[in-house]
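Enquirer: Using the sequences and the hints given, assemble the complete structure.
Number of protein chains: 2
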Amino acid sequence: MKKYTPSVAAALDLPADAELLSIVRLRFADGQPLALMRNWLPPAYHGITLKDLEASGLYAVLRSRGTRPVVAAQSIGARPPTASERRHLRLRPAEPVLTMTRTAFDSAGRAVEHGDHCYRAQDYTIEVLVDQR
Amino acid sequence: MKKYTPSVAAALDLPADAELLSIVRLRFADGQPLALMRNWLPPAYHGITLKDLEASGLYAVLRSRGTRPVVAAQSIGARPPTASERRHLRLRPAEPVLTMTRTAFDSAGRAVEHGDHCYRAQDYTIEVLVDQR
Chain D
6 MKKYTPSVAA
16 ALDLPADAEL
26 LSIVRLRFAD
36 GQPLALMRNW
46 LPPAYHGITL
56 KDLEASGLYA
66 VLRSRGTRPV
76 VAAQSIGARP
86 PTASERRHLR
96 LRPAEPVLTM
106 TRTAFDSAGR
116 AVEHGDHCYR
126 AQDYTIEVLV
136 DQR
Chain U
6 MKKYTPSVAA
16 ALDLPADAEL
26 LSIVRLRFAD
36 GQPLALMRNW
46 LPPAYHGITL
56 KDLEASGLYA
66 VLRSRGTRPV
76 VAAQSIGARP
86 PTASERRHLR
96 LRPAEPVLTM
106 TRTAFDSAGR
116 AVEHGDHCYR
126 AQDYTIEVLV
136 DQR
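These protein sequences, in sequence, are chains D and U.
The first sequence begins at 6 in the numbering used here and counts up one residue at a time.
The second sequence begins at 6 in the numbering used here and counts up one residue at a time.
Read the hints as simulated data drawn from the structure, not as lab findings.
Treat the hints with caution; some may be incorrect.
Said to hold, decoys possible - Residues from chain U that keep clear of chain D, each with C-beta distances beyond 12 Å, as calculated:
id : residue
1  : D18
2  : L26
3  : S80
Claimed, not checked - Covered stretches of chain D, going by a simulated chain U footprint (3 or more residues, C-beta under 8 Å):
id : stretch
4  : 54 to 64
5  : 72 to 83
6  : 119 to 129
7  : 132 to 138
The beta carbon of each residue, even a glycine, is placed where N, CA and C say it ideally should be.
Expert: This is the structure in structure tokens:
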């Protein structure tokens, strides 16, 4: 689960050769694939195991280790899927994916995780409440 | 520019037969179409003219009339474009649109506008900062 990924390391504010924990999950809803979720975490989280992630979500695992991501910079877009994404998400030709790239930070401003997720667009929307009061 | 649109009226918390101001704009960036923007406004804003909108953005026009949208509920998704959207946004086959549906409210909680926008996905992402501190 560990890989060198220089551009992701930069997003996490780590040196290019930092050894990151790489997690890939396929999320199902009602027996159908909904999202392909890729996450990378700093070396401090190498102890997280597949077993931890099978038992609960990534953020619950982080919280159980005393980390609380509280700020996230998200970039939301759309594109045709790659061949692999099309296969995993069981998409028909011309069906796009909704994408969300995110870096999350704890209250001290430390980058906690970087995510690159794609969703079956026909089954998923991202809801955002903007409050400028 | 006025139309009956019952589902939009509901989003604006108005009766189904409310006469809404309907605005359709094609936004360009660097000489290329970027977004097809559809907005609906309550009867109070019927005085807004094409000339107002040519001179400045919709939110600037609203502010000049004493309205400040401060809360917005957005739903962000992706889909293949309609034939008309494909033509207006000059999309090639298989290129999706990024969509954003929004209802905006003023500080008193009154719905001010409902928008249904679609963007050339290859040229546009929606940036969101989530802050739960």
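Enquirer: All hints, please: hold or fail.
Expert: Each hint, compared with the structure:
At roughly 17 Å, the least C-beta separation between D18 (chain U) and chain D is larger than 12 Å, which holds for a residue marked as non-interface. No beta-carbon of chain D is positioned within 12 Å of the beta-carbon of L26 (chain U); the least distance is around 22 Å. Consistency note on S80 (chain U): stated as away from chain D, yet its beta-carbon is not over 12 Å from all of that chain's, at 5 Å minimum. Using a Cβ-Cβ cut-off of 8 Å, 0 residues of the stretch 54 to 64 of chain D lie near chain U, which falls short of the minimum of three, so the contact claim is violated.
Using a Cβ-Cβ cut-off of 8 Å, 9 residues of the stretch 72 to 83 of chain D lie near chain U, which meets the minimum of three, so the contact claim holds. Chain U is given as covering the stretch 119 to 129 of chain D, and this holds because 3 residues of the stretch bring a CB closer than 8 Å to a CB of that chain, at least three being needed. Coverage of the stretch 132 to 138 of chain D by chain U holds in this model, with 7 residues showing a Cβ closer than 8 Å to a Cβ of that chain against a need of three.
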